[in-house]
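Residue numbers (this note's numbering), protein chains in the order written: chain A, 1 to 175; chain B, 1 to 151.
Simulated from the structure, these hints should not be mistaken for lab results.
Be aware that a few hints might be false.
Unchecked claim - Partial chain B-side listing against chain A, Cβ under 7 Å, derived:
1) Arg-9
2) Phe-18
3) Arg-98
Think of the CB as a built atom: it goes at the ideal place given N, C-alpha and C, for glycine as much as any other residue.
What follows is each chain in one-letter form.
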Amino acid sequence: MSTATGSQEAVSESIIDDVDRRLIVATQKGMPLDPRPYNIIADEIGITALEVRQRLERMQDAGVIRRIGAVPNHYRLGYRANGMTVWNVPDEKIHELGQKVGALEFVSHCYQRPRHLPEWPYNLFAMVHAREHDEAMELVGKIAELLGDDNLGSEVLFSTRILKKSGLRLINKDQ
Amino acid sequence: MNLTLIEKRLLNEFQHNFPLTARPYAEIASRLDVSEEFIIETLDKLHKQKAISRVGAVFTPNRIGVSTLAAMSVPEDELEKVADMVSGYVEVNHNYEREHDFNLWFVLTATDDQHLQTVLQDIEAGTGYKVMSLPLLEDYHIDLGFNLQWT
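If we strip away everything but chain A, and leave its shape as in the complex, we get:
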């Protein structure tokens, strides 16, 4: 089991260097919509287009980049019912249950997070997206069914307003 902060940060420092950082900053608003997008990025940061492609590939292989592609705006595409479902499940079974819930095709994110007692007893988070509220609640029901007796309590938090949404913003250390 990995922990969220210290150890992973030490790893990340060695898997990306300053050129990677500049590459991330240059691409975080999106790939140029030009026949040769890697040439444009390459010119911007002063390396070759081939090196841009190799570095992106390496960061994908190393798991720094999870995927590269079109990033759909769920809300704009009609998915207005975005529910953050939170569950209290037994700690000793969370990995088994988390993997099952994370594998459901309608779940877009599934994480273990710490409880914050007494006001926050939930340790498993799963995001569901649907067009309508009722449809989202059906999906929530499917998760509840999957968890069975291991569901010790749950809530669904629907978003009512998006106040800010941007991709990851990597800030240059010198900024």
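Keeping the supplied structure of chain A fixed, place chain B upon it in accordance with the hints.
Chain B alone, transformed into the frame defined by chain A:
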């Protein structure tokens, strides 16, 4: 939003595996049997319509830098003001109002844990409300994008 078949296929089939070749849009075009120019125009249109936020990389949480999901319980009449203060931090990349006692939820990303903690304390001091920090412990989802249904 009315989308053409090509637009739907672009949205659903190209959320991952964007070609790392010299002319990536030409490669997508050949797979969809249209021209490179048409793919670029269509992506530009989808971007302008905000159907996609970008064509780009999605990063794995906590591999570069550290992040946490934070929640606050803010009285309704103060929410707008507090939400604006929170959104004003460059370290905040998502900020949502949700229906719950904890009604403000945001993701904070920083280069190291010390900086993250400083921002959390800063938000508490600046707004006068407590922040509950729920950092990711384990990721259970293999992210290949999201299967959009059209019917």
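Restraint outcome when Arg-98 of chain B is required to lie within 7 Å of chain A by C-beta distance: Since chain A brings a Cβ to about 4 Å from Arg-98 of chain B, closer than 7 Å, the hint holds.
Phe-18 of chain B as an interface hint toward chain A, with CB separation required under 7 Å: 4 Å, holds
Minimum beta-carbon distance criterion (7 Å), Arg-9 of chain B to chain A: This hint is violated: Arg-9 of chain B lies away from chain A, its Cβ roughly 11 Å from the closest one there, beyond 7 Å.
Checked against the numbered hints listed earlier, the structure breaks hint 1 alone; every other hint is satisfied.
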